[in-house]
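Visitor: As a plain string of letters, each chain reads:
Protein chains: 2
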Amino acid sequence: MSYLRHLEACNRFDPERFLPLLMAGRRVGFVRRDNARLLEAFPRIFNLSGEAVALADTIQGADAATRALGEATDGLIRAGMLEKRRDELFEITDGWGGPLLFELDRAAIPFFGARAYGVHLNGWRPGSDGPDLWIGKRAKDKKIAPGQLDNIVAGGMGEGYGPWETLLKEAAEEADIPEALAIRAHAVGAIRYRMELAEGMRDDVMFVYDLETPADFAPRNTDGEIEDFRLLSARECLRLVRETDDFKFNVNLVLVDFGIRHGLIVPEEPDYLALLEGLHGGLVRGGQ
Amino acid sequence: MSYLRHLEACNRFDPERFLPLLMAGRRVGFVRRDNARLLEAFPRIFNLSGEAVALADTIQGADAATRALGEATDGLIRAGMLEKRRDELFEITDGWGGPLLFELDRAAIPFFGARAYGVHLNGWRPGSDGPDLWIGKRAKDKKIAPGQLDNIVAGGMGEGYGPWETLLKEAAEEADIPEALAIRAHAVGAIRYRMELAEGMRDDVMFVYDLETPADFAPRNTDGEIEDFRLLSARECLRLVRETDDFKFNVNLVLVDFGIRHGLIVPEEPDYLALLEGLHGGLVRGGQ
Numbered sequence: 001m002s003y004l005r006h007l008e009a010c011n012r013f014d015p016e017r018f019l020p021l022l023m024a025g026r027r028v029g030f031v032r033r034d035n036a037r038l039l040e041a042f043p044r045i046f047n048l049s050g051e052a053v054a055l056a057d058t059i060q061g062a063d064a065a066t067r068a069l070g071e072a073t074d075g076l077i078r079a080g081m082l083e084k085r086r087d088e089l090f091e092i093t094d095g096w097g098g099p100l101l102f103e104l105d106r107a108a109i110p111f112f113g114a115r116a117y118g119v120h121l122n123g124w125r126p127g128s129d130g131p132d133l134w135i136g137k138r139a140k141d142k143k144i145a146p147g148q149l150d151n152i153v154a155g156g157m158g159e160g161y162g163p164w165e166t167l168l169k170e171a172a173e174e175a176d177i178p179e180a181l182a183i184r185a186h187a188v189g190a191i192r193y194r195m196e197l198a199e200g201m202r203d204d205v206m207f208v209y210d211l212e213t214p215a216d217f218a219p220r221n222t223d224g225e226i227e228d229f230r231l232l233s234a235r236e237c238l239r240l241v242r243e244t245d246d247f248k249f250n251v252n253l254v255l256v257d258f259g260i261r262h263g264l265i266v267p268e269e270p271d272y273l274a275l276l277e278g279l280h281g282g283l284v285r286g287g288q
Numbered sequence: 001m002s003y004l005r006h007l008e009a010c011n012r013f014d015p016e017r018f019l020p021l022l023m024a025g026r027r028v029g030f031v032r033r034d035n036a037r038l039l040e041a042f043p044r045i046f047n048l049s050g051e052a053v054a055l056a057d058t059i060q061g062a063d064a065a066t067r068a069l070g071e072a073t074d075g076l077i078r079a080g081m082l083e084k085r086r087d088e089l090f091e092i093t094d095g096w097g098g099p100l101l102f103e104l105d106r107a108a109i110p111f112f113g114a115r116a117y118g119v120h121l122n123g124w125r126p127g128s129d130g131p132d133l134w135i136g137k138r139a140k141d142k143k144i145a146p147g148q149l150d151n152i153v154a155g156g157m158g159e160g161y162g163p164w165e166t167l168l169k170e171a172a173e174e175a176d177i178p179e180a181l182a183i184r185a186h187a188v189g190a191i192r193y194r195m196e197l198a199e200g201m202r203d204d205v206m207f208v209y210d211l212e213t214p215a216d217f218a219p220r221n222t223d224g225e226i227e228d229f230r231l232l233s234a235r236e237c238l239r240l241v242r243e244t245d246d247f248k249f250n251v252n253l254v255l256v257d258f259g260i261r262h263g264l265i266v267p268e269e270p271d272y273l274a275l276l277e278g279l280h281g282g283l284v285r286g287g288q
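As they're listed, the protein sequences go chains A and B.
Heads up, the first sequence is in the working numbering, so the first residue is 1 and it goes up one at a time.
Heads up, the second sequence is in the working numbering, so the first residue is 1 and it goes up one at a time.
One should not assume that every hint holds.
Identical copies carry no separate label here, and so any pair may be met within one copy or between two of them.
Claimed, not checked - With a straight-line Cα cutoff of 25 Å, these simulated DMTMM-like cross-link-like pairs (lysine to aspartate or glutamate) come out: (1) Lys169 with Glu269; (2) Lys140 with Glu40; (3) Lys169 with Glu268; (4) Lys140 with Glu83; (5) Lys84 with Glu269; (6) Lys169 with Asp74.
Everything labelled a hint here was simulated from the structure, so no lab data went into it.
A quick note: this is a predicted structure, and the numbers were derived from the prediction, not measured.
Excised from the complex, chain A in its bound form (with noise of 0.2 Å):
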């Protein structure tokens, strides 16, 4: 059992099995091939080809495109291809920093394979054996991972909030972390893969934090879609990384990161060089 292995999972994605999504000539995201027939149903949205979906040209614009996509959903959603709206839209820009393209439901974001930006919070403190990690688990009724364990903190980024806002929002919403404390909390990176769906793709960036917490704080999750917290050692979680699924599939690359960056996987590893390239897009399959 290894730490590569997840990696290879996250990067589960072969590009032959989709077309790209194209703006302008620009490809904005990749929708599986068994899947773009759905889209005929929409002619004056997509044109397509065996090579490709293309947003019409007549659809010019960020607002104008956000309505198309977002008619296309509900009609996805008629089809019975996607469940229901999640009433949370996502910005798909042009590359990381780059203009907004258009916003997107997250509901619809795996079916046209756009890139999605969230955040991981590392909750530690220091323990008898190197750094303790605050450990979730998660509610046994949550559609992805039910059961799993968990960062103390996760969340996807919504339309007007940048990485550092929704880390403050989701500190406060998933484990009750006060904004005193959770200010305190530093970047320290972020990790990419792109991984093949039933419904389609994720093409996921997660920006990552720490965040020492002190003696006196436990989590508390008050959303209801964490079980329970605990307080593991990170070499435990390191050990259930490698020898079992315990963890949900993204948050054993967020563990693999952390253990890389607190040195408890070591230069000695012979991986070592394979994993830091894996974390950080050296697996990504399909161009930029």
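Given chain A's structure and the hints, the job is docking chain B onto it.
Guide: Same frame as chain A, but now just chain B:
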């Protein structure tokens, strides 16, 4: 001025200008096309074609390859291509953690474009505005980057030394860090780049360590390689990285990595993901 320009400078490498150096069909280095003719003087060691420089099939095993490349190194010194032996052998392996292929005098590493490993240490302590960093000023008689700013400790990984042993050895030699303090350093990652040089190229991996130094500690150079040490705030170091070329070329990368891990460069920076990918091989050309 930007951080990214240093990543681009350290990855200025056009594989078209080089021939792969092959051993039993595997690429183990790169030789500049205009330098390759110098190897015609060793017909029993190298087979040259317009496509590659191949170690002769008659050279079997690491010992024979070490002897043959040592002979070529001496020939290149006689020809005036290389200055002199450094009498420091580097282990050339089949990838990190892979078996030893041969050993090569440090002086010949750039000519043959073999992958070299080294360590860099960030010596820091809490300051009034985030971390302060111990920065060395390189001696004016150094061949590489004379008078430029450097990490508190840095060095190449010679024969028989792993990353950790190299770190402890260099910490003692370069900064007089007592072993009891040096062992409190911890690994935090690695940085890769591939860069063309007048005599060939550098294909470098830097293993990076952080060490929090106590208030009563000050480094002291003992091997003449550093003129003096000074304490600079990490924010001031990053300003120098952005706005000047005061730091040795590859130390800029180590400081960008430090800034990312310590939350001084934040996700809101438009280049954030490009920096992370660029530090971890995303700009490296010419394959593994």
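Visitor: None of the hints should be skipped; say for each whether it holds.
Guide: Against the structure, the hints come out as follows:
1. For the identical chains of this complex, Lys169 and Glu269 are inter-copy neighbours only, at 20 Å across copies versus 37 Å inside a copy, given an alpha-carbon limit of 25 Å.
2. Taking the shortest alpha-carbon separations for Lys140 and Glu40, neither the intra-copy value of 37 Å nor the inter-copy value of 69 Å comes in at or below 25 Å.
3. When the C-alpha separation of Lys169 and Glu268 is checked against a cutoff of 25 Å, the pair qualifies only between copies, where the shortest distance is 16 Å, while the shortest distance within a copy is 39 Å.
4. Only within a single protomer do Lys140 and Glu83 lie at most 25 Å apart by alpha-carbon distance; the minimum there is 19 Å, versus 68 Å between protomers.
5. Proximity of Lys84 to Glu269 under the C-alpha cut-off of 25 Å is found in neither arrangement, the shortest distances being 45 Å within a copy and 34 Å between copies.
6. Taking identical chains as interchangeable, the C-alpha atoms of Lys169 and Asp74 are never at most 25 Å apart, the minima being 28 Å within one chain and 64 Å between chains.
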